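Engineer: Per my numbering, the sequence shown starts with residue -16, numbered consecutively.
To be clear, the hints were calculated from the coordinates, so they are not data collected in a lab. Certain hints may be false.
Unchecked claim - DSS-like cross-link-like pairs, simulated, lysine-lysine; straight-line CA separation at most 25 Å:
no., residue 1, residue 2
1, 82, 46
2, 46, 6
3, 77, 46
To be verified - Label pairs and their in silico Cβ distance ranges:
no., residue 1, residue 2, range
4, -7, 89, 44 to 52 Å
5, 41, 0, 36 to 44 Å
6, 7, 81, 20 to 28 Å
7, 92, 64, 34 to 42 Å
8, 9, 87, 13 to 21 Å
9, 48, 9, 44 to 52 Å
10, 92, 42, 22 to 30 Å
11, 84, -3, 30 to 38 Å
12, 74, -7, 48 to 56 Å
13, 96, -8, 18 to 26 Å
Since this is a predicted model, take the numbers as computed values, not measurements. Note that the Cβ used here is the ideal one computed from N, Cα and C, for glycine as well.
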Amino acid sequence: SFDLQHGVHVWRGVRYSLIFWIKDSLQAVRERSTPWYEELAERGDPDALYNVAQNYEYGMFGKPLDLPRAIQMYEQSARAGHPFAQNNLGLIYKRASDKVGLPLAEALQRSCDW
């Protein structure tokens, strides 16, 4: 939600936002990809790891649906202290124990750990 999270108070009327999504190449626009995250993720950047993990979790922005890969990247990001990665990792373990190949009790324990 983008409702008034940036210190804006609308006294009357309606707030409109204009959002620009800027990519570094025409190829990235055409492919709906985010290639700049790859190099940063390889260097261990927590934000990049989180964003690429989301792409694998949902199979978007040029990445195939790959839950094990998403978990691996979320764990790297979460260990570096990324709070959204920790949250997403806990949610994955909670809702997808059968997809990650863990018994339900172990998946729920991992979910609680994160």
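Engineer: Checking each numbered hint in turn, tell me which of them this model violates, lowest number first.
Structural biologist: As far as the earlier hints go, 5, 6, 7, 8, 9, 11, 12, 13 are violated by this structure, in ascending order.
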